[in-house]
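A.B. asks: If you read the protein sequences in the order shown, they are chains A and B. FYI, my numbering numbers position 61 of the first sequence as 61, with every residue one higher than the one before it. Count along the second sequence starting at 1, add 1000, and that's the number in my numbering.
Please keep in mind that the hints were generated in silico from the structure rather than gathered at the bench. Be aware that one or more of the hints could be misleading.
Said to hold, decoys possible - Just a few of them, taken from the derived set where beta-carbon distance is under 8 Å, the chain A residues facing chain B: (1) V215; (2) K218; (3) L219; (4) E260; (5) T263; (6) T278; (7) T398; (8) N400.
Unchecked claim - As a list, the in silico DSSO-like pairs of lysine-lysine whose alpha-carbon atoms are at most 27 Å apart: (9) K414/A <-> K1097/B; (10) K1265/B <-> K1097/B; (11) K332/A <-> K351/A; (12) K1206/B <-> K21/A; (13) K345/A <-> K1029/B; (14) K351/A <-> K1026/B; (15) K1265/B <-> K269/A; (16) K209/A <-> K284/A; (17) K1206/B <-> K351/A; (18) K1029/B <-> K269/A; (19) K1172/B <-> K1026/B; (20) K1232/B <-> K1198/B; (21) K1121/B <-> K1029/B; (22) K1232/B <-> K209/A.
As the list claims (entries may be wrong) - Here are the simulated distance ranges between beta carbons: (23) K351/A <-> E1142/B: 54 to 62 Å; (24) P1012/B <-> G335/A: 47 to 55 Å; (25) D201/A <-> G1079/B: 44 to 52 Å; (26) P73/A <-> D1039/B: 36 to 44 Å; (27) K1097/B <-> R373/A: 41 to 49 Å.
Using N, Cα and C, we set each Cβ at its ideal position, and we do this for glycine too.
As a plain string of letters, each chain reads:
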Amino acid sequence: MAKLNLNRVEMPRQEPKVRGKNFNEVALGYSLEQAKEEASRCIQCPKRPCTEGCPVNVEIPDFIKAINDGDMPEAVRILKSKNALPGICGRVCPQETQCEATCSLAKKEAPIAIGRLERFVADWERANMPKAKSPSPKPKSGGKRVAVVGSGPAGLTAAADLAKMGHSVTIFEALHVAGGVLMYGIPQFRLPKEIVQAEVDYVASLGVKIELDSVVGKLVTIDELLNNGYQAVFLGTGAGLPMFLNIPGENLNGIYSANEFLTRVNLMKAYRFPEYDTPVKIGKKVAVIGGGNVAMDSARCALRLGADEVYIVYRRSEEEMPARREEVENAKEEGIQFKLLTNPKQFLGDKQNWVVGMECYEMELGEPDESGRRRPVVKPGSEFVIDVDEVIVALGTTPNPLIASTTPGLETTKHGTVVADEETGKTKKDKVWAGGDIVTGAATVISAMGAGKLATADIDKFLRG
Amino acid sequence: MYEILLKQDLVPNIHLFKVVAPAVAKKAKPGQFVVVRIDEKGERIPLTVADWDEKEGSVTIVFMEVGTTTARLALLKAGNSIADFVGPLGLPTHIEKFGTVVCVAGGVGAAPIAPIAWALKKAGNKIISILGARSKDLLFWEDKLRRVSDQLIVTTDDGTYGRKGVVTEPLKELLASGEKVDQVISIGPVVMMKFCAKTTEPFGVKTIVSLNPIMVDGTGMCGCCRVAVGGKTKFACVDGPDFDGHQVDWDLLSARQRIYLDEEKCSFEQWQRNVHPEVKAHGKAKS
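Looking at chain A on its own, in the form it has when it is part of the complex (with noise of 0.2 Å):
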């Protein structure tokens, strides 16, 4: 970890050895003393560019003034009065990218900590104001009905905010918890599920309906719902479907999608199996291809549930991983093996059709394609094979067409995302908006949230109007 900065707080974490064993938290969170003490750092400058640099606008530096004074419940309401995901967001957000990237001590030394002391606030709100204050309600806005689809952090947002503005907001979400991607993808040792339901039901508490176990565009459409008392409709139904590689033998047995690993593991609790009844395969040596934050919750997963054996197999070089910084060095501690500039020709079976092996490229670098990023040029002749009996495909997912498909005057791109205006989330049809994977394809839990935000304030304004 010699990239992190001294002069930071360093968080409390698992050690590695004895974390690849568990699904507890591996990172423990500050004491209140380590909090201040981060906080204290806080040149409370006043030009404020963490602020800026949040998709959501926290007031940073006031809360983390609130943390040094040493009054946490007014920490919590500046936090929470921007943020309705905090607890979230102190863990899964990439600061380094984002807040803290913009801190003013970023240049000279490590920036503050914000995403620690973000989480830290949520952390002692939970465990000393056990009973989530409602926010004053405001006066009703005449009646009126906001139908929100999907429950990931886009539609948590949406739904906390319209509900605060004094809206009518019931929440339709698919699965039969709410959180999306927050309890389906991402695992219970990065991010507890305890912490998504607490957030979920402080959502709840503003007066949000959640309907679980209705999928939009099959029990319910689009239309159905304006036509049936909702004024407006926000669409955050994220990116749900997995992409597979398209080479020979990838319906082998052993080999997952990350979405279909993770769901298992994470939303269906096969970690616990069989006290839990819906099993996963634990395999001994585990390719897991991809190079995102997906592939390094999956390798670890594969870890914990007793693999020997993990690999990340990613086609460019660690350079140009997508995944989180953070992410990558603790897959790192953990054991989980490299295998970069490696790209997968075709996964082996045997008689039974379980995988056994995969014939992988070496790939070299050449010029930089257009995500700027330099392309991976396959070394003619360079096949080889590597022993597997699990492998997991992390290589991204594309939005369900459930809903562009029972949804006409809903415009779509070739990738199957939705069109929507950038600075207001409206889609090309009339009262529909939508924020988050569904409108920029996979990316991340904060900048949902800021489309959330975003298309509730030009949503507000048209009930109003």
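Using the hints, position chain B against chain A.
C.D. replies: This is chain B only, laid out in the frame that chain A set:
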């Protein structure tokens, strides 16, 4: 929670639940399925709808006891509730006037094929049904299928009722007899659907099968249910569950259904060890 209005034991190991789910009842169409989760610790399993009643607000499912989840389901009674009942999922069966349609049902497949047969009948088709079971005491809904069918053939593997043998024999005879068959629909165990498709292939009669691979979410999110159809990977939950039986890679489907055999055994044995004494008594009383 979704309340069970009515429970019927159709045969010793196949049960019917009528479940209160008004929104699903309003939208359900023949061939679609629901995903059911019993409780907090349960898995999500897909079950094709067998009937629905919009007025009553109920949806009927029929399931066979094959593992932990279905054995646990079988212990529920009218008045009990199921945690989750999600649907209607998947694409409905394509219904139009084809002419003559042969509906082939094996075992528990009699339940999902009934509403399909009715819809085809209403669309003006002549319906010939072939209903097969291993034995007489595993046969159900003969009466229902007889009512919708212009002709019904019943087979049992052991000859205890109807014609002795498997469903593909009368199917082949029918096709060979010169009867003009415009479409075949086959629902039942994988091996039965596979051989129905193999039987009709030489006659060039389009054969629709309803696939039931392992699923988790049932909405296209996980890809667990992927099947190969015509050389292309499809998700049964959103692209199906109906597919052209002549295009399905049956060996792959069979192999993928065996992924969790070990875990299923482990789970079932654990469940049997842990079941409450009264459940054991119940189980004994049943046998």
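A.B. asks: Mind listing which of the numbered hints don't hold for this structure, in increasing order?
C.D. replies: Structure breaks hints 7, 9, 10, 11, 12, 13, 14, 16, 17, 18, 19, 22, 23, 25 and 27.
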